[in-house]
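Chemist: Sequence:
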Amino acid sequence: MRLFIAVDCPQELKSSLSQFLKNSFQTIPQKGMKWVRAEHFHLTLRFLGEVEESRVQLLEDTLTDSLGGVQSFSSKFTTFGFFPSSKRARIFWIGLDDSKEKLANLAKKIEEGLIVNNFGKSDKEFSAHLTLARFSLTPLPIVLQQIEKIKSPSFAELKISQVLLMQSVLQPEGPHYVVLKQFLLVHADEAFS
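Just so we're aligned, residue 1150 is where the sequence shown starts under this note's numbering, counting upward by one.
Hints were generated in silico from the structure; no laboratory data involved. Quick caveat: nothing in here was measured; it's all calculated off a predicted structure. Every residue, glycine too, gets a C-beta built ideally from N, C-alpha and C. Heads up, none of these hints are tricks.
DEER-style ranges, computed between Cβ atoms: (1) SER1271 / GLN1168: 30 to 40 angstroms; (2) ARG1204 / LYS1171: 39 to 49 angstroms; (3) GLN1294 / GLY1217: 45 to 55 angstroms; (4) ASN1267 / ARG1151: 15 to 25 angstroms; (5) ILE1177 / ASP1210: 45 to 55 angstroms; (6) GLN1320 / GLN1160: 16 to 26 angstroms; (7) SER1271 / GLN1320: 22 to 32 angstroms; (8) LYS1330 / THR1227: 29 to 39 angstroms; (9) VAL1327 / SER1285: 24 to 34 angstroms; (10) GLN1175 / SER1203: 39 to 49 angstroms; (11) ASN1267 / GLN1294: 41 to 51 angstroms; (12) GLY1181 / GLY1217: 41 to 51 angstroms; (13) GLY1269 / PRO1324: 20 to 30 angstroms.
All chains should be modelled from the sequences, with the hints used to inform the complete structure.
Modeler: What follows is the structure, given as structure tokens:
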């Protein structure tokens, strides 16, 4: 099973972000650029890759332990960027505000639990971002110029109140995501009750 751990975006945020991208980028050439479908918008906390079905229960137990007592929090998307760089862009992303430190700590707790239970160490350092598009060709300068012109985005807050264990099922038309299990975080008012 091809699995990953993520934070999902609410439908309202997916819709407003998708509309923003359409309005901002409708005049630029799209050659070699593939937009992520709005229903697939999510923040990956950890990509696991292929996991044997027999180990999924241990994985779920690991996440339950790792996320126990973690409080929910909110974040906002504030910046755009490219991986690995604008000159060699392969991914266009939107990043988060100063709560990215809280996201990094959340990802670190998950990573520590995964290592202890022999799910391996991540081969990438965590980066709090949401992938918007992928490039099969180096983007044209006009694409980069258009992105630089865009003002800081302003969207509804992203409430991070649950973490999802998800399966990616590869299909000819693109991946299909299935939620295997939800892990609710503690609401701040519940933490003191």
